[in-house]
Structures are given as C-alpha cells and as structure tokens.
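Protein chains: 2
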Amino acid sequence: MKLHGYFRSSASYRVRIALNLKGLSVQHLPHHLRKGEQCAPGYLAINPQGLVPTLEDDTGAVVTQSLAMIEWLDETHPEPPLLPRDPLRRAKVRAFAQAIACDIHPVQNLKVLARLRELGLPEEKVTAWAGWVNREGLSACEKLIAGEPGPLCFGDRPSLADLCLVPQLANARRFGVDVNAFPRLLKAEAAAKAIKAFADAAPDKQPDAE
Amino acid sequence: MKLHGYFRSSASYRVRIALNLKGLSVQHLPHHLRKGEQCAPGYLAINPQGLVPTLEDDTGAVVTQSLAMIEWLDETHPEPPLLPRDPLRRAKVRAFAQAIACDIHPVQNLKVLARLRELGLPEEKVTAWAGWVNREGLSACEKLIAGEPGPLCFGDRPSLADLCLVPQLANARRFGVDVNAFPRLLKAEAAAKAIKAFADAAPDKQPDAE
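Chains as they are written, first to last, in my numbering: chain A, 703 to 912; chain B, 703 to 912.
Hints listed in this document are in silico derivations from the structure and should not be mistaken for laboratory results. Among these hints, one or two may not hold up.
Identical copies carry no separate label here, and so any pair may be met within one copy or between two of them.
To be verified - Taking lysine-lysine pairs in the PhoX-like style, the calculated list, with each CA pair at most 25 Å apart, reads:
#, residue 1, residue 2
1, Lys737, Lys907
2, Lys889, Lys845
3, Lys737, Lys845
4, Lys724, Lys907
5, Lys898, Lys704
6, Lys704, Lys889
7, Lys724, Lys898
8, Lys889, Lys907
9, Lys845, Lys704
10, Lys845, Lys813
11, Lys827, Lys895
12, Lys724, Lys895
13, Lys827, Lys813
14, Lys737, Lys704
15, Lys898, Lys737
16, Lys813, Lys737
17, Lys895, Lys845
This one's a predicted model, so the numbers in the text were calculated from it and none came from an experiment.
Please build the complete structure, drawing on both the sequences and the hints.
Laid out in structure tokens, this is it:
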C-alpha cells in the first residue's frame with residue numbers, strides 16, 4: 703500500500719494513525735505542499751483535488767479523502783475497530799470527526815490561507831483567520847464530548863474522533879490558539895498520544911519532516 | 703423525528719433527500735440563518751457548532767453533521783441503501799461526498815462569507831471567493847466520476863454522492879458559477895432531480911422558503 707502525504711498535513715496524519723493502529727505498513731510518498739508538488743500533473747491524475755493524502759492499495763485502487771480512507775481501512779481491516787458498534791454512538795463519533803474534518807481543517811488549510819494572502823490580507827490577519835477557525839471549531843468539539851467520561855474522546859478505545867482531534871490540536875497550536883481553554887480535548891489528546899500508533903504518526907517522526 | 707434546518711441550507715437539503723428516500727416523515731423545525739436563529743442559546747445547547755441541520759429522534763437522541771446523520775439513517779433504515787456494499791465502492795462514494803462536504807461547502811458557507819465581509823472585502827470579492835471554491839471543487843468532482851457510466855454519480859441508484867451533489871450545484875449557480883463546465887455532474891443532477899425524493903426536498907418546496 704502507498705500513502706501519498708506530507709509530514710505536516712493533518713489529514714495525512716489522521717491516516718498515518720489509522721494505518722499504525724491497524725498494524726499496516728505502507729510506502730510513504732511525500733509531496734511537498736509548500737513547493738506545490740501536489741499540483742504536479744502526475745499527482746492530479748490520481749487526486750484531481752490536488753490535496754494530500756491519497757491511498758493506493760496493492761491492486762492499484764485509489765482512494766482520496768482521509769475520512770473515506772479511514773472508513774475503508776476500518777471495513778477491510780476490522781481490528782481494532784475505529785467506530786463503535788451502536789449506530790447512534792457511531793453517528794456521534796462521526797459527527798465529532800466531521801466537525802473537525804469539514805468545519806475546521808478545510809477553512810484553514812494551505813490553499814485557503816494562500817487565497818487570503820492573494821486577496822491582500824496581511825500575514826497577521828491570515829494567522830488570525832486560522833486561529834479564529836480553530837478556536838470556534840474546537841470550542842464546539844469541547845462541548846460535543848463534555849458528557850463523555852473518556853479518557854479518549856469516546857471511551858477508552860481510540861476512535862475516528864481521536865484520529866481527527868490530535869492532528870487538529872497540533873494545527874491550533876501552530877496558529878497560536880490557547881488550547882488550555884479545552885481541557886476535555888487535552889485529556890483525550892494526552893491519552894491518545896500515550897499510544898504508540900499515535901506517537902509514531904507524529905509529523906516530526908516522518909521521513910520528510912523539516 | 704425532528705429536523706432542525708433551513709430551506710436554503712445545502713447540508714439540510716442533503717438530509718431532507720435522505721429522509722425522503724427512506725420514506726421517513728419528520729417534523730421540520732426551521733431556523734432562519736440570516737436572522738442568526740442558529741445561535742440562540744436553546745439551539746446551541748443541542749448543536750454547539752451553531753450550524754444546521756440537527757436531527758433528533760423520538761427518544762431525544764441528537765445527531766449533528768449532515769453526513770453523520772445520513773450514515774446513521776442508512777444504518778438504522780437500510781432500505782434503500784445510500785452506499786454500495788463493496789468497501790472500495792463505498793470509499794469512492796464517501797470520498798466524492800467529502801470532496802463537497804469538507805472542501806467546498808464549509809469554505810463558502812454563511813459564516814465564512816460573513817467573516818470575509820468583516821475583514822473588509824467588498825461584496826463582489828466575497829461572491830468571487832464563493833465562486834472560486836465551487837468552481838475548483840466541482841471541477842475535481844467532475845473528474846472523480848468521469849469514468850462512472852451513470853446516470854447518477856455512481857450507477858443507477860442514488861447514493862450519498864448524489865445527496866451532496868444536487869444541493870451543491872444549487873449553491874454554485876447562486877454564486878454565478880457556469881455549471882455547464884461540468885457535463886457529467888449535470889447528467890447526475892438531472893437523473894437525481896427526476897426522483898420524487900430529490901424534487902420534494904428542494905429548497906423552494908420547504909415551508910420556510912422565502
């Protein structure tokens with residue numbers, strides 16, 4: 703299996719955690735986002751969005767979009783499960799993951815921030831934008847799991863929710879967000895980071911880390 | 703079951719189509735987004751993101767995030783299925799849906815456009831932003847299903863992909879995007895709109911339509 707990614711891409715980070723939890727080894731194919739390598743014609747042929755990650759299996763099957771990849775991995779390699787069995791609990795986990803993967807991450811990704819710069823926004827306003835998106839989104843996430851005892855987002859086993867949370871908190875810190883405002887999220891993060899599959903997927907552990 | 707929504711919200715529109723396809727009747731509870739009703743304390747208590755839609759079942763269980771709701775409905779009311787059976791095909795359908803629900807819709811929603819106005823962007827640049835997001839995203843979607851015979855996005859049965867596509871094309875037109883650049887998407891849209899469940903879910907058919 704091959705994972706096209708980038709060490710600092712939080713969507714790639716989610717998939718690296720999933721692969722590690724499932725015990726799957728992959729060939730990592732880094733695409734340097736700041737150099738625009740994700741827009742090379744060869745890459746666009748497999749991922750027309752020009753985004754990382756993309757997952758290719760040994761038959762040449764290609765899947766884009768990190769959450770779709772993770773559910774695919776979960777359906778084809780069921781142990782350990784990344785979603786609960788109960789439909790309502792599954793929905794809660796997916797909703798938390800989507801609150802990050804739909805409403806935070808894409809509104810502060812490289813492409814959107816570059817567009818804000820093109821529109822003439824000074825750098826401090828671009829950073830403020832990214833901070834605002836993370837702060838608003840993570841505040842809601844904090845409330846979504848306020849009633850969950852933990853220690854992870856949903857119980858004591860890592861789920862799709864934790865796979866999205868850990869990389870997003872790393873982004874929030876990079877954009878100067880005071881994450882101490884989110885004690886429940888930090889509790890989940892600490893529990894997740896103590897798991898080797900999460901630790902090994904961290905950006906600074908990747909071969910393309912700068 | 704109760705659906706908190708708004709006639710023009712494309713995420714609400716997705717869920718309305720799913721409910722219609724499943725033959726489920728719900729009580730529609732409109733929240734007027736332009737009047738800020740989604741930020742009322744009572745609503746924030748059930749949806750801390752302050753976004754529509756939110757689905758409540760008869761036991762009081764609450765699910766946020768439209769894709770999570772649709773998968774929940776699909777798991778609890780399996781007929782007709784909104785995802786294929788084969789894991790790789792499921793992943794392809796989910797990836798298409800997420801290309802819209804993650805990378806197009808949240809980057810052009812009311813909240814983001816309002817923020818651009820607050821940053822001093824004139825109205826024509828705000829509309830240009832929304833047009834850019836839709837054009838880039840839908841171009842990629844066109845390529846994602848270029849090899850799919852159709853007539854719908856993935857075969858001859860409506861899937862999660864069609865539920866996301868039809869509302870997004872409506873948004874794209876509102877933002878002045880020339881959708882004729884996407885013939886494969888228009889073919890899927892025409893096939894979908896011929897289905898009563900899609901037609902009945904259209905914004906102008908809703909009780910809160912203006």
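Original post:
Going back to the hint list, which numbers does this structure go against?
Top reply: 6, 11 and 15
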